[in-house]
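K.L.:
Residue-level listing of the chains:
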Amino acid sequence: MKDRLSAFYWLHETQFAQISSNLITSQRRKAIDIFETEGFPTVRNEDWKYTSLKKLIAPNYVLPSPFASFDEEEQVEYKDIKKFLVNDIDCYQVVFINGRYSSWLSQTTHSKYDICTLGSAWKKYPKIVEENFNKLTKDDGPLVQLNTALAWEGLYVNVPKNIVVEKPIQVLYFTTGSTPVFNQTRSLVILAEGSSAEIIERHHSLTNHETWTNAVDEIQIGSNSSIHWVKLQHDSPQASLTQHSKINQEKDSKAIVHTISTGGKFIRNNLDFSLSGPGAEAHMFGLTLGNDRQLVDHHTRVDHIAPNCSSHETYKGIYDDYSKGVFNGKIYVHTDAQKTAAYQQNNNLILSEKASIDTKPQLEIYADDVKCSHGCTVGQLDEDALFYLRARGIRLKEAKALLMLAFANDAISDIQHPSLRVKLSQLIGRKLGVDMSTVL
Amino acid sequence: MLEIVNLHASIDDNVILNGINLKVNLGEVHAIMGPNGSGKSTLSNVIAGHDGYDIISGDILFDGESVLDFPPEKRAHLGLFLSFQYPIEIPGVTVSNFIKTALNEIRNARGEEPLAASPMLKMMRDKMKVLEMDKGFLSRSLNEGFSGGEKKRNEIFQMAMLEPKIAILDETDSGLDIDALRIVANGVNSLRSKENTFIIITHYQRLLDYIIPDFVHVLFNGRIVKSGGKELALELEKRGYDWIKKEQE
Ligand SMILES: Nc1ncnc2c1ncn2[C@@H]1O[C@H](COP(=O)(O)OP(=O)(O)O)[C@@H](O)[C@H]1O
Ligand SMILES: [Mg+2]
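Chains as they are written, first to last, in the numbering used here: chain A, 86 to 525; chain B, 41 to 289.
Fair warning: there could be bad hints in the mix.
Claimed, not checked - Coverage of chain A stretches by chain B, computed from C-beta distances (three or more under 8 Å per stretch; other residues unrestricted): (1) 360-372; (2) 482-491.
Claimed, not checked - Calculated cross-link-like contacts (lysine-lysine; reagent style DSS-like; alpha-carbon spacing at most 27 Å): (3) 445(A) / 409(A); (4) 114(B) / 482(A); (5) 482(A) / 285(B); (6) 331(A) / 415(A); (7) 516(A) / 114(B); (8) 456(A) / 339(A); (9) 409(A) / 456(A); (10) 415(A) / 134(A).
To be verified - To give an idea of the chain B side of the interface with chain A (calculated C-beta under 8 Å), a few residues: (11) 104; (12) 108; (13) 113; (14) 136; (15) 176; (16) 186; (17) 188; (18) 202.
Everything labelled a hint here was simulated from the structure, so no lab data went into it.
Just so you know, these numbers come straight off a predicted model, no measurement behind them.
For each residue, glycine too, the CB sits at the ideal point set by N, CA and C.
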């Protein structure tokens with residue numbers, strides 16, 4: 086797999102070089118070098134201790150060429166994807182299929198701000214891309230380097246100073262085809278001073294074959310800006326996702342990220358914040374519902390670099406059957422980051438004997454005036470609470486669902502659109518096997 | 041309506057109920073009194089279908105039908121209600137959501153349409169008025185941070201909403217001040233009819249000044265050792281439980 090990927094890079098290098106500057110080409114080369122030297126991470130690597138990539142890299146994936154046009158199997162129509170969209174909120178919409186942009190399913194804009202695709206931005210906005218691309222990812226591991234080398238398509242958002250993006254940006258990544266597919270997606274989001282945007286992101290496979298998306302996002306949030314980003318990871322049972330999201334926050338900015346992981350086969354999230362301007366605020370919410378043999382691994386990292394910043398993290402997980410969860414939350418408080426406030430919570434319910442969660446907070450604190458707290462719990466559904474609900478006539482399955490939803494509530498209550506929250510609870514209900522209209 | 045026949049039950053190999061016999065008809069109010077630890081809550085839980093107890097022998101019949109194999113929800117669908125001695129706190133589930141769900145689950149089990157939002161809300165408001173409860177209650181998390189009295193009132197509110205045929209009130213009076221006691225008693229009295237029955241569990245006779253029972257039973261060491269009319273409650277109040285204990289020895 087590793088050799089095929091590197092061969093794929095060398096085969097396309099000239100084409101990559103044509104779309105981007107020499108600087109970026111040299112960055113690609115450096116990245117592929119690292120990937121070739123290090124290969125895929127193994128469980129010997131501390132960050133991958135509980136999560137083996139062995140099975141994920143085994144299938145004979147097709148690597149869609151960024152430079153080819155869609156073939157017949159990749160012809161996706163609106164009716165095929167309609168159910169994956171949030172329809173009742175007016176949104177900008179950016180749709181990708183096998184890592185390539187689908188203009189006929191998208192609604193982009195260039196009027197007050199740019200909401201389009203990285204594939205077009207290489208040529209259209211070379212300077213901005215060059216200033217921002219690979220700025221936050223240089224030191225990351227081989228999966229990120231692989232993505233950097235092959236980066237071509239993904240969401241591109243650039244909002245100028247003091248502008249608010251009025252509608253949410255809905256970005257959808259679909260995979261399809263009659264063979265296993267492995268693709269890279271790369272996003273670049275730049276919010277200038279005093280601006281704000283909201284992103285609803287979803288990855289979904291339309292095929293029964295194994296798919297793997299390796300995504301990398303770089304998000305720059307200027308001073309006094311804000312972003313709200315909802316990641317909906319409710320993919321089909323054969324779909325896997327590795328996603329590294331890197332967020333840099335300037336002075337008094339605010340970021341809220343919801344990661345809702347309810348589907349898919351294998352999910353690895355790396356969510357990293359650099360709080361580099363004073364007064365920056367990061368909020369992370371996670372909700373994981375695992376069943377079957379699903380694996381969901383959350384690695385989060387907050388670098389408190391500037392003083393007076395705060396980070397708030399609430400991750401909830403419910404694991405059933407043979408599912409497996411990993412939570413690793415790192416909080417790194419640098420020497421200058423006085424008056425840091427950092428809070429972290431990871432609470433889990435284990436519903437079957439074969440399900441498991443490895444949870445580990447990691448705090449490294451090098452400043453002295455700091456407020457930090459963290460806590461993790463692993464438990465079962467409360468039997469007394471179940472009896473109470475059942476004694477009132479609520480059936481066992483519904484009673485369990487109600488308790489799970491109550492447990493999960495903190496992780497989704499901050500999502501702004503009521504209709505999106507309802508959609509989420511319905512989706513959770515379906516996952517739990519109950520009709521949410523009877524328990525809500 | 042409800043018949044308990046020679047019921048023996050244990051938990052973790054400790055026998056708690058030692059042959060309970062009790063027959064309750066529609067329209068009646070029964071009081072079960074007894075010292076702490078005599079098995080009152082165990083009896084309530086077993087009737088409601090708590091699966092933590094082993095039924096060693098005996099039977100529980102609703103309308104002549106054994107319910108021993110029925111899960112708690114099915115007993116509730118048949119019209120049983122237990123007001124808990126210690127109501128459970130459930131953060132994240134609001135009072136209104138809980139009651140709405142429970143009521144519609146019961147209606148669904150009986151083949152009735154769910155009650156729509158606005159008649160539901162009206163019904164809640166009406167019942168809350170009787171119980172002198174604040175509207176803000178509805179949006180609070182179930183029992184979370186409630187005072188002892190609020191929890192008990194909330195139990196009676198649920199009972200009023202679910203309109204059970206058999207209601208067991210397990211020490212609903214404990215933790216209530218005299219005003220709250222009167223309000224709760226009024227609530228219960230307003231629900232009394234020929235079509236339902238109440239089993240009031242208490243170890244003081246205080247509540248029975250307001251809810252006048254037809255029968256009083258004394259539970260001791262897992263058995264009903266004495267039954268009588270409402271005057272038995274007064275005697276217990278005057279003499280305490282020691283003479284019962286002595287009689288048993
Ligand atoms: N889980 C348990 N394991 C063992 N004994 C128990 C358990 N729960 C209750 N008991 C015992 O059963 C007896 C009856 O308890 P309970 O029904 O709560 O009495 P009451 O409600 O009359 O005060 C007590 O002696 C109590 O210690
Ligand atoms: Mg008791």
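K.L.:
Hint by hint, note whether the structure agrees.
P.N.:
Hint by hint, here is what the structure shows:
1. 360-372: violated (count 0)
2. 482-491: It holds: at least three residues are needed, and the region 482-491 of chain A offers 6 whose Cβ sits within less than 8 Å of chain B.
3. 445(A) / 409(A): holds (14 Å)
4. 114(B) / 482(A): holds (13 Å)
5. 482(A) / 285(B): Violated. Residue 482(A) to residue 285(B) sits at ~45 Å, over the 27 Å cutoff.
6. 331(A) / 415(A): holds (14 Å)
7. 516(A) / 114(B): With Cα atoms ~25 Å apart, residue 516(A) and residue 114(B) stay inside 27 Å; holds.
8. 456(A) / 339(A): holds (19 Å)
9. 409(A) / 456(A): violated (31 Å)
10. 415(A) / 134(A): Holds - the C-alpha atoms of residue 134(A) and residue 415(A) are around 15 Å apart, at most 27 Å.
11. 104: violated (21 Å)
12. 108: Cβ of residue 108(B) sits 16 Å from chain A, so the hint is violated.
13. 113: Check passed: Cβ of residue 113(B) comes within 5 Å of chain A, closer than 8 Å.
14. 136: It is violated, given that the least Cβ distance between residue 136(B) and chain A is near 11 Å, above 8 Å.
15. 176: Nearest chain A Cβ about 19 Å off; hint violated.
16. 186: Since the shortest Cβ distance to chain A is 14 Å, the answer is violated.
17. 188: Not OK, violated: residue 188(B) not within 8 Å of chain A, min 16 Å.
18. 202: Hint holds; residue 202(B) Cβ to chain A Cβ min 7 Å, cut 8 Å.
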